[in-house]
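Turn these sequences into a full structure, and let the hints steer you where they fit.
Residue numbers (the numbering used here), protein chains in the order written: chain A, 1183 to 1316; chain B, 1183 to 1316; chain C, 1183 to 1316.
Hints may contain errors.
Claimed, not checked - List time: in silico DMTMM-like cross-link candidates among lysine to aspartate or glutamate, alpha-carbon distance up to 20 Å:
| # | chain 1 | residue 1 | chain 2 | residue 2 |
| --- | --- | --- | --- | --- |
| 1 | B | K1199 | C | E1192 |
| 2 | C | K1199 | A | E1192 |
| 3 | C | K1199 | A | E1227 |
| 4 | A | K1199 | B | E1192 |
| 5 | A | K1199 | A | D1241 |
| 6 | A | K1199 | B | E1243 |
| 7 | B | K1199 | C | D1236 |
| 8 | B | K1312 | C | E1294 |
| 9 | B | K1199 | C | D1241 |
| 10 | A | K1312 | B | E1243 |
| 11 | C | K1312 | A | E1243 |
| 12 | C | K1312 | A | D1220 |
| 13 | B | K1312 | C | D1241 |
| 14 | A | K1312 | B | D1236 |
| 15 | C | K1199 | A | D1236 |
| 16 | A | K1312 | A | D1220 |
| 17 | C | K1199 | C | E1227 |
It is worth saying that the hints were derived from the structure and are not from the lab.
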Amino acid sequence: MPLVRIDMLEGRSAQEKAQIADCTHRAMVETLGVPERDRFQIVTEHAPGSFHFDRAYLDIERSDAFVLVGLTLAAGRSADVKQSFYARLCELLVQTVGLREQDLAVCLVENERADWSFGNGEASYLTIPKDRWR
Amino acid sequence: MPLVRIDMLEGRSAQEKAQIADCTHRAMVETLGVPERDRFQIVTEHAPGSFHFDRAYLDIERSDAFVLVGLTLAAGRSADVKQSFYARLCELLVQTVGLREQDLAVCLVENERADWSFGNGEASYLTIPKDRWR
Amino acid sequence: MPLVRIDMLEGRSAQEKAQIADCTHRAMVETLGVPERDRFQIVTEHAPGSFHFDRAYLDIERSDAFVLVGLTLAAGRSADVKQSFYARLCELLVQTVGLREQDLAVCLVENERADWSFGNGEASYLTIPKDRWR
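Structure below.
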């Protein structure tokens, strides 16, 4: 399970928010080897005074459409695999909701297999065989 | 200090939300060795379109009552201790608010002692002797 | 990039919330070596029933003005540097918004350089030379 938090300024349509969440999950399935049903996402909109982001850090010009995607996921992906995720997510958001590629930031935090329970009071990845992670 | 974030769909009573937070803290005290007064929790309710969770991942059937508990805590607990926490939290929520045991997920993220300040501008766990962590 | 989440009870003015965010960024620039334009912050206010914090943990007396600052940042700062950040942030908040020094808690979580993308679908810290991190 990655746990996904998506933050943005308020003002998008429900449809566009759903599409951003869909794209994030699709990019994870395609590049991070995340199972199709392993989807847990929280989308939060913020008032302008509550979401501060620099408009030019690293000489990348951000707009009000800026989207910040945060993932907590089990360790084990290489830098190349992470890079593939950033590129694919960016591509999907450009294609699907017309996001400018400057308007996406991603932040990953890694934990361990023992750090997850998906139900039944169990450390699921320790008790459920890997071929049933779906 | 663990820092606790509890996320769920909107619609619960204030009492039930308080009970869920209470159970989470009690399970942490009982199984993770967290001091009784070491309680810092944020409870957030979400509209359906803002909280996406798969209803069947790992063949566990989740309902609208699904609760996601996230903990940031200092490293050092074994997988067995973590497992005890998941089991006890699940048990308490079933007993106290009638949660289905399929409707609880937990995600842990670990950090270090130096990563916490509890006040006075100090790295508390480096400056306060361990016998006063209460 | 550190990603910053600032949580507090509801009721502050917009100005005071902006000042708290400003102080947090200034302390990071001064003590953590964060570039001036590397600013990404989410400020969230909570109803009393949704934000639980112990009023006396570690014998530090907290009030309703309590502010919790969470940072996700790339690993590599020493405990001394972190300590400097806690002290400077506390000092700035006392000076600027009159916060009691007991009313600030901080929680850090570390990740790696490969865990960040700031735009253009790239793992920015792997693709952009360090002298352009500004």
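Structure-based check of each hint:
Between K1199 (chain B) and E1192 (chain C), the direct Cα distance comes to roughly 18 Å. Compliance with the 20 Å bound is thereby established for this hinted pair. Annotation: proposed proximity of K1199 (chain C) to E1192 (chain A) holds, straight-line Cα distance about 18 Å (limit 20 Å). Among the hinted pairs, K1199 (chain C) with E1227 (chain A) is consistent with the structure: their alpha-carbon atoms are about 17 Å apart, no more than 20 Å. Restraint check: the Cα-Cα separation between K1199 (chain A) and E1192 (chain B) comes to about 18 Å, which is no more than 20 Å; the hinted pair holds.
At roughly 27 Å between alpha-carbon atoms, K1199 (chain A) and D1241 (chain A) are farther apart than 20 Å, so this suggested pair is violated. As the CA atoms of K1199 (chain A) and E1243 (chain B) are separated by approximately 25 Å, the hinted pair breaks the 20 Å bound. Restraint check: the Cα-Cα separation between K1199 (chain B) and D1236 (chain C) comes to about 17 Å, which is no more than 20 Å; the hinted pair holds. In summary, the hint linking K1312 (chain B) to E1294 (chain C) is not supported, as the alpha carbons are separated by about 30 Å, beyond the 20 Å threshold.
Taken as a hint, the K1199 (chain B) and D1241 (chain C) pair is broken in the structure, with Cα atoms around 27 Å apart against an allowance of 20 Å. The straight-line distance between the Cα atoms of K1312 (chain A) and E1243 (chain B) is roughly 18 Å, inside the 20 Å bound, and the hint therefore holds. Among the hinted pairs, K1312 (chain C) with E1243 (chain A) is consistent with the structure: their alpha-carbon atoms are about 18 Å apart, no more than 20 Å. Taking the CA atoms of K1312 (chain C) and D1220 (chain A), the gap is near 36 Å; set against the 20 Å cutoff, the hint is violated.
In summary, the hint linking K1312 (chain B) to D1241 (chain C) is supported, as the alpha carbons are separated by about 13 Å, within the 20 Å threshold. Restraint check: the Cα-Cα separation between K1312 (chain A) and D1236 (chain B) comes to about 18 Å, which is no more than 20 Å; the hinted pair holds. The hinted pair formed by K1199 (chain C) and D1236 (chain A) meets the criterion: a straight-line CA distance of about 17 Å does not exceed 20 Å. The suggested pairing of K1312 (chain A) with D1220 (chain A) holds, with an alpha-carbon distance near 13 Å, which does not exceed 20 Å.
Taken as a hint, the K1199 (chain C) and E1227 (chain C) pair is honoured in the structure, with Cα atoms around 9 Å apart against an allowance of 20 Å.
Violated hints, in rising order: 5, 6, 8, 9, 12; the structure is consistent with all others.
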